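Chain by chain, the residues:
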Amino acid sequence: MTTVSQHTITGLAARADGVTKTFGTGATAVTALNDLTVNVQRGQFTAIMGPSGSGKSTLMHCLAGLDTVDSGEVWIGETRLTGLGDKALADVRRNRVGFIFQQFNLLPTLSAEENITLPLAIASRRPDARWFDTVVEAVGLADRLTHRPSELSGGQQQRVACARALLPKPDVIFADEPTGNLDSRSGGDILRFLRRSVEEFNQTIVMVTHDPNAAAFADRVVFLLDGRLVHELRDPDADDVLDTMKALDALGQDAEPRARA
Amino acid sequence: MLRATLKGLLARKLRLALAGLAVVLGVTAVSAAMVTTETIGNGFDAIFATAASDVDVSVSARPNVDESTTFAPPLPASVLEELDAVRDAESVTGVVSADGARPIGPDGKVISVQGPPRLGVAWAGETGMTRLREGRGPRAANEVAINAGLAEQGGFGVGGTIDVLTLRPRQTFQVVGIYGYRNGLDTMGGGTEVAFTEPVAQQLILGRTGVYSSVTMTAADGVSPEKLRDQVADVLGSSYLVRTGDELAEQTASEGQAFLETVRMVLLAFSGLSLLIGIFLILNTFSILVAQRTSELALVAALGARRRQIVGSVLVEAALVGVLASAVGVGAGIAVSTLLKSFMESQSGAQLPVGLTVPMPDLVLAFVVGVLVTLVAALVPAVRASRVPPVAAMREAAAEQRSLTGITVAGAVPAALGTAGLVAAVTGIAGDFRWLALGGGVVLALLGLALLTPVASRYLLPAVGRLLSWSTPGKLGRRNAERNPRRTAITVATLVVTLGLVGGVGVVAESLRGDVSSVVASDLTADLVISGDGVSARAGGQSGGPPTAADGRIMPTFAPEVVERAREVPGVAVATAQYVDTVQLDGRAPGPSPGNAGDLSRLESVLGLEAVDGTLRTLARDEVVVDTETLADQGLAVGDRIRVSTQRAGWQEYRVVGSYEPNFLLRGPVLAPEVAAERFVSPLPALGYVELEPGADAAAVKSSVSELVADNPEVTVADQTQLASDASSRLDIAEIMLYVLLGLSVVIGILGVVNTMALSILERTRELGLLRAIGMRRSHMVHMVVAESLVMSVFGGLVGLAFGTLAGAAFVSVAGLAVLAVPWASLALFLGLAILAGLVAALAPSTRAARVNILAAIGDR
Ligand SMILES: Nc1ncnc2c1ncn2[C@@H]1O[C@H](COP(=O)(O)OP(=O)(O)OP(=O)(O)O)[C@@H](O)[C@H]1O
Ligand SMILES: [Mg+2]
Chain A
0 MTTVSQHTIT
10 GLAARADGVT
20 KTFGTGATAV
30 TALNDLTVNV
40 QRGQFTAIMG
50 PSGSGKSTLM
60 HCLAGLDTVD
70 SGEVWIGETR
80 LTGLGDKALA
90 DVRRNRVGFI
100 FQQFNLLPTL
110 SAEENITLPL
120 AIASRRPDAR
130 WFDTVVEAVG
140 LADRLTHRPS
150 ELSGGQQQRV
160 ACARALLPKP
170 DVIFADEPTG
180 NLDSRSGGDI
190 LRFLRRSVEE
200 FNQTIVMVTH
210 DPNAAAFADR
220 VVFLLDGRLV
230 HELRDPDADD
240 VLDTMKALDA
250 LGQDAEPRAR
260 A
Chain B
0 MLRATLKGLL
10 ARKLRLALAG
20 LAVVLGVTAV
30 SAAMVTTETI
40 GNGFDAIFAT
50 AASDVDVSVS
60 ARPNVDESTT
70 FAPPLPASVL
80 EELDAVRDAE
90 SVTGVVSADG
100 ARPIGPDGKV
110 ISVQGPPRLG
120 VAWAGETGMT
130 RLREGRGPRA
140 ANEVAINAGL
150 AEQGGFGVGG
160 TIDVLTLRPR
170 QTFQVVGIYG
180 YRNGLDTMGG
190 GTEVAFTEPV
200 AQQLILGRTG
210 VYSSVTMTAA
220 DGVSPEKLRD
230 QVADVLGSSY
240 LVRTGDELAE
250 QTASEGQAFL
260 ETVRMVLLAF
270 SGLSLLIGIF
280 LILNTFSILV
290 AQRTSELALV
300 AALGARRRQI
310 VGSVLVEAAL
320 VGVLASAVGV
330 GAGIAVSTLL
340 KSFMESQSGA
350 QLPVGLTVPM
360 PDLVLAFVVG
370 VLVTLVAALV
380 PAVRASRVPP
390 VAAMREAAAE
400 QRSLTGITVA
410 GAVPAALGTA
420 GLVAAVTGIA
430 GDFRWLALGG
440 GVVLALLGLA
450 LLTPVASRYL
460 LPAVGRLLSW
470 STPGKLGRRN
480 AERNPRRTAI
490 TVATLVVTLG
500 LVGGVGVVAE
510 SLRGDVSSVV
520 ASDLTADLVI
530 SGDGVSARAG
540 GQSGGPPTAA
550 DGRIMPTFAP
560 EVVERAREVP
570 GVAVATAQYV
580 DTVQLDGRAP
590 GPSPGNAGDL
600 SRLESVLGLE
610 AVDGTLRTLA
620 RDEVVVDTET
630 LADQGLAVGD
640 RIRVSTQRAG
650 WQEYRVVGSY
660 EPNFLLRGPV
670 LAPEVAAERF
680 VSPLPALGYV
690 ELEPGADAAA
700 VKSSVSELVA
710 DNPEVTVADQ
720 TQLASDASSR
730 LDIAEIMLYV
740 LLGLSVVIGI
750 LGVVNTMALS
760 ILERTRELGL
770 LRAIGMRRSH
780 MVHMVVAESL
790 VMSVFGGLVG
800 LAFGTLAGAA
810 FVSVAGLAVL
820 AVPWASLALF
830 LGLAILAGLV
840 AALAPSTRAA
850 RVNILAAIGD
860 R
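Protein chains in written order, with numbering that gives the first Met the number 0: chain A, 0 to 260; chain B, 0 to 860.
Bear in mind the hints are in silico, worked out from the structure with no lab data behind them.
Computed from a predicted model, the values in this text were never measured in an experiment.
Please note that the accuracy of each hint is not assured.
Said to hold, decoys possible - Straight line, CA to CA, 20 Å or less: simulated SDA-like cross-link-like pairs of lysine to any residue:
1) K474(B) with D234(A)
2) K86(A) with A120(A)
3) K701(B) with P559(B)
4) K108(B) with T171(B)
5) K108(B) with G156(B)
6) K474(B) with S123(A)
7) K168(A) with G76(A)
8) K86(A) with K108(B)
9) K474(B) with G179(A)
10) K701(B) with E560(B)
11) K474(B) with P461(B)
12) K86(A) with G76(A)
13) K86(A) with T171(B)
14) K474(B) with A120(A)
15) K168(A) with G42(A)
16) K168(A) with T78(A)
17) K12(B) with A855(B)
18) K474(B) with L119(A)
19) K86(A) with S778(B)
20) K474(B) with L838(B)
21) K86(A) with T846(B)
22) K168(A) with L228(A)
23) K474(B) with S110(A)
24) K226(B) with A419(B)
25) K86(A) with A849(B)
26) K701(B) with R564(B)
27) K474(B) with S778(B)
28) K226(B) with S237(B)
29) K86(A) with N852(B)
30) K701(B) with T715(B)
31) K474(B) with L109(A)
32) K86(A) with L854(B)
33) K12(B) with T846(B)
34) K474(B) with T145(A)
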């Protein structure tokens with residue numbers, strides 16, 4: 000595995016500052032994020048790892064403007080999301096954030112091409128033709144553009160979702176277990192594409208994963224446990240990640256009864 | 000399995016509520032119709048039963064014209080004397096009571112009542128039903144008592160005056176008393192009553208003194224009404240109608256119920272339509288519900304449930320929904336009829352002396368129908384779902400794409416047959432069967448259209464959608480509408496059918512109006528027409544000819560001096576009057592016919608008549624001129640003698656001295672005016688015609704002639720265009736009634752679209768979440784859902800209106816109307832209504848789509 004030298008870019012693509020998020024009230028309350036602070040460097044590929052229920056998805060949702068925080072602040076680039084209205088948040092999601100879910104990323108009524116250009120079309124913007132071709136070529140979908148999602152394989156569908164996320168050149172792309180439902184070959188395609196976007200197009204990416212091999216594609220891995228950032232690796236390889244996960248699991252085993260109470 | 004079903008039910012409360020709504024609507028409509036008609040019917044029976052409760056036997060004269068006229072010739076006082084001889088009679092009373100006392104309200108207009116009669120009666124004291132509330136009965140010729148309903152309607156009080164139109168022109172009376180009825184009501188079935196002294200009532204209401212409209216008798220102790228009736232019949236012979244009080248009540252009630260029949264027809268037609276639409280709705284709703292659960296059902300199947308169990312679980316669900324919703328529907332139906340009852344009471348001024356009557360068996364039927372329809376509607380999609388292989392069902396979108404070939408072929412056959420029928424009717428190939436071909440063609444074509452709508456939607460929706468979807472959210476909405484052609488077709492079916500009917504009716508009515516106007520213009524050469532409200536509107540009757548008092552009511556009339564004085568107005572060339580009535584003819588085809596009287600030498604010119612045989616001149620009392628068609632029907636010719644029975648005087652023989660081409664305003668025998676004054680129901684003319692001298696100032700003459708009838712609020716002076724629009728206005732009422740009826744079904748149709756939209760939105764929660772996640776604003780979501788709804792409703796509206804217009808045009812062509820007039824403005828309005836329906840239907844679903852919780856929606860399953 001080749002390691003990539005870190006881009007020297009000042010400024011952050013996204014930032015969570017002292018963020019706390021609690022679900023439910025009283026006895027059933029669960030603190031998903033607990034005074035968590037994390038910075039996402041521009042042009043970097045960041046992976047988020049941690050045991051199930053540690054708050055990874057919640058963090059991504061809050062960063063992407065899909066959910067609100069109880070306290071603390073969330074920034075995308077120079078824009079503070081905390082306190083924005085619904086309309087402004089929708090615009091941020093459309094123009095400045097890309098999101099790739101684990102599954103069900105596409106509208107069944109639209110062709111692959113229409114799905115890819117949907118965020119731009121909503122704002123009545125036309126995609127730059129050369130950039131569109133570049134993106135489509137990068138995900139290898141040139142001959143599948145007119146197909147409906149139901150006519151595409153799971154891996155192809157995820158690649159369409161990647162292209163859609165990349166096309167508006169957002170500040171950050173968030174991907175929540177994008178390879179979770181795929182076999183290792185299709186998953187590898189997606190990861191290579193994400194890596195390439197970072198290197199060639201200077202795209203910032205944040206990805207949640209449970210797979211150490213996937214995490215090894217990232218420039219940096221942050222580890223969550225019970226809603227806190229507990230560890231961080233730079234330019235990791237799969238073994239480092241695996242070791243860290245094991246260590247955290249041991250920690251988590253002790254913490255588990257308390258956290259679930 | 001049952002427990003799993005019940006749990007599933009609770010988990011899908013909203014969806015089931017929507018399915019239930021469809022059932023509720025259908026059952027509500029049906030039970031409301033049943034309860035309302037039953038209640039009104041009972042109310043009428045109760046009113047007339049109490050009214051006749053003091054009468055053992057009633058005697059009246061047989062009508063001279065056997066049509067459903069209420070006019071019975073008066074009985075001479077000699078009948079009373081004959082009846083005094085009847086052994087078992089305790090009392091014999093002459094009654095004066097007949098329709099035709101038209102009170103004039105404080106606004107100078109005649110007080111109008113819809114349906115019930117405006118009786119003029121002779122005051123007989125507080126006998127029978129009558130109970131004085133205030134003042135006393137009339138003692139002098141210029142005094143009257145009135146019923147409380149009239150007093151309230153016209154704001155009359157004891158000590159004031161009231162103007163009344165009768166067989167004589169307008170007269171003013173002192174109000175000396177106000178009375179109600181023994182059962183505490185202000186009116187009998189909503190009618191007004193004016194009570195005069197006996198001689199005055201006889202003169203004004205029956206035409207001369209010393210006559211009675213009927214005689215009522217009570218039997219001596221221990222004598223049954225039937226026995227007394229038979230005794231009376233023996234004394235009087237067969238020329239009189241002798242009935243017991245019960246028979247009379249039954250007869251009167253059934254006459255009163257003639258109008259109720261119309262109400263019943265309208266309500267039943269409405270409920271039939273809504274039940275049909277309800278079935279559509281239920282079917283649609285359940286197929287969506289089951290489609291949504293296909294994967295769930297497949298999972299159950301994969302876990303080992305048998306097909307029967309799966310179908311059974313859906314049916315249990317449907318049965319629960321059906322029972323609950325039908326019960327609610329029956330309850331709502333009763334509530335609606337309470338409202339309808341009070342609405343009708345306030346509209347007609349009649350109070351019903353009964354509470355709500357609930358016909359239990361009928362309602363049980365409505366309930367059972369509701370449950371059965373729900374079960375059948377659920378069975379079809381359930382069986383279909385159980386046949387889907389588990390693996391296929393678990394895949395996304397499996398349920399959506401089904402081939403349309405079968406349904407298209409099934410629709411093409413009736414569509415082709417229907418079109419062939421229409422073509423045959425229009426081109427005349429069908430000959431005498433052209434109406435059958437037209438009717439069958441329309442029904443078959445409509446059936447075919449319903450089955451072809453899914454295919455049509457595939458090609459037409461994108462076209463319609465392109466007009467409406469100028470932005471991406473709009474385009475997304477259009478795609479959603481195109482997604483499932485079958486569902487779209489069922490959703491818009493109501494709109495297609497109702498707008499088809501509305502469009503067809505619109506075209507036919509507009510063409511008829513054009514036809515009537517052109518006929519009036521060609522047949523009427525008079526410049527001005529004097530006539531009562533609604534008289535000219537009835538001109539041209541079913542088969543052309545003069546207006547007749549078809550409903551048996553006294554027609555508005557005016558004094559014959561009016562035309563004489565009109566002749567003296569400067570600028571008037573000819574002025575003459577036409578008397579009208581219904582008469583009975585004897586000949587090869589005996590039966591009722593419109594009857595006329597007037598000065599033919601003058602009518603000839605104002606009506607543009609052409610003498611076919613003989614001359615059209617001023618007639619002697621025993622002479623008659625008859626139109627050529629009637630002569631031919633009766634097998635008579637000019638020079639023959641013809642027997643004519645008039646309402647007031649019965650059979651008489653006349654000599655036919657001439658014949659004429661029947662005309663829009665004149666048809667049937669024409670007698671001398673003196674004959675009308677004696678033998679017609681009303682001795683006064685109903686129509687007056689004025690022809691101007693060349694170069695006369697039409698407006699000035701019109702205002703001078705109007706002056707002559709200024710004191711008669713029933714009568715107005717109209718020029719030709721007004722007459723034409725009056726004559727065609729009788730179509731308006733039928734048209735409006737139909738529109739109201741269809742409007743109600745449009746409302747249900749809207750609820751259907753709402754229902755489908757809401758369910759589709761629920762079904763697509765995950766997509767909605769995704770759209771929001773990738774940056775759709777709430778306003779975009781609303782736009783998208785509105786576009787979907789609009790595309791569907793505009794599509795349904797266009798298809799329906801196009802079909803209706805074509806069917807209407809076919810009708811116009813088969814009926815041989817002079818013009819085919821397409822009411823573009825109305826059609827545009829109807830399309831506007833369809834658009835409005837689409838907007839209304841999108842209201843709730845779009846709000847829901849805008850409010851969808853992104854993360855919950857995406858995490859869905
Ligand atoms: N909508 C919610 N309501 C209540 N609790 C929630 C909600 N969403 C998340 N949680 C809780 O918050 C905590 C963090 O959840 P989150 O989904 O972020 O975990 P995760 O790290 O993504 O786990 P996984 O790896 O299983 O996806 C969990 O304990 C979860 O139960
Ligand atoms: Mg997660």
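We went through each hint and held it up to the structure:
{"no.": "1", "hint": "K474(B) with D234(A)", "verdict": "violated, 45 Å"}
{"no.": "2", "hint": "K86(A) with A120(A)", "verdict": "holds, 17 Å"}
{"no.": "3", "hint": "K701(B) with P559(B)", "verdict": "holds, 18 Å"}
{"no.": "4", "hint": "K108(B) with T171(B)", "verdict": "holds, 14 Å"}
{"no.": "5", "hint": "K108(B) with G156(B)", "verdict": "holds, 18 Å"}
{"no.": "6", "hint": "K474(B) with S123(A)", "verdict": "holds, 12 Å"}
{"no.": "7", "hint": "K168(A) with G76(A)", "verdict": "holds, 13 Å"}
{"no.": "8", "hint": "K86(A) with K108(B)", "verdict": "violated, 61 Å"}
{"no.": "9", "hint": "K474(B) with G179(A)", "verdict": "violated, 32 Å"}
{"no.": "10", "hint": "K701(B) with E560(B)", "verdict": "holds, 17 Å"}
{"no.": "11", "hint": "K474(B) with P461(B)", "verdict": "holds, 10 Å"}
{"no.": "12", "hint": "K86(A) with G76(A)", "verdict": "holds, 18 Å"}
{"no.": "13", "hint": "K86(A) with T171(B)", "verdict": "violated, 75 Å"}
{"no.": "14", "hint": "K474(B) with A120(A)", "verdict": "holds, 10 Å"}
{"no.": "15", "hint": "K168(A) with G42(A)", "verdict": "holds, 12 Å"}
{"no.": "16", "hint": "K168(A) with T78(A)", "verdict": "holds, 16 Å"}
{"no.": "17", "hint": "K12(B) with A855(B)", "verdict": "holds, 18 Å"}
{"no.": "18", "hint": "K474(B) with L119(A)", "verdict": "holds, 14 Å"}
{"no.": "19", "hint": "K86(A) with S778(B)", "verdict": "holds, 9 Å"}
{"no.": "20", "hint": "K474(B) with L838(B)", "verdict": "holds, 17 Å"}
{"no.": "21", "hint": "K86(A) with T846(B)", "verdict": "holds, 15 Å"}
{"no.": "22", "hint": "K168(A) with L228(A)", "verdict": "violated, 28 Å"}
{"no.": "23", "hint": "K474(B) with S110(A)", "verdict": "holds, 13 Å"}
{"no.": "24", "hint": "K226(B) with A419(B)", "verdict": "violated, 64 Å"}
{"no.": "25", "hint": "K86(A) with A849(B)", "verdict": "holds, 11 Å"}
{"no.": "26", "hint": "K701(B) with R564(B)", "verdict": "holds, 13 Å"}
{"no.": "27", "hint": "K474(B) with S778(B)", "verdict": "holds, 14 Å"}
{"no.": "28", "hint": "K226(B) with S237(B)", "verdict": "holds, 16 Å"}
{"no.": "29", "hint": "K86(A) with N852(B)", "verdict": "holds, 14 Å"}
{"no.": "30", "hint": "K701(B) with T715(B)", "verdict": "holds, 10 Å"}
{"no.": "31", "hint": "K474(B) with L109(A)", "verdict": "holds, 10 Å"}
{"no.": "32", "hint": "K86(A) with L854(B)", "verdict": "holds, 17 Å"}
{"no.": "33", "hint": "K12(B) with T846(B)", "verdict": "holds, 19 Å"}
{"no.": "34", "hint": "K474(B) with T145(A)", "verdict": "holds, 17 Å"}
Hints 1, 8, 9, 13, 22, 24 from the list above are not met by this structure, while the remaining hints are.
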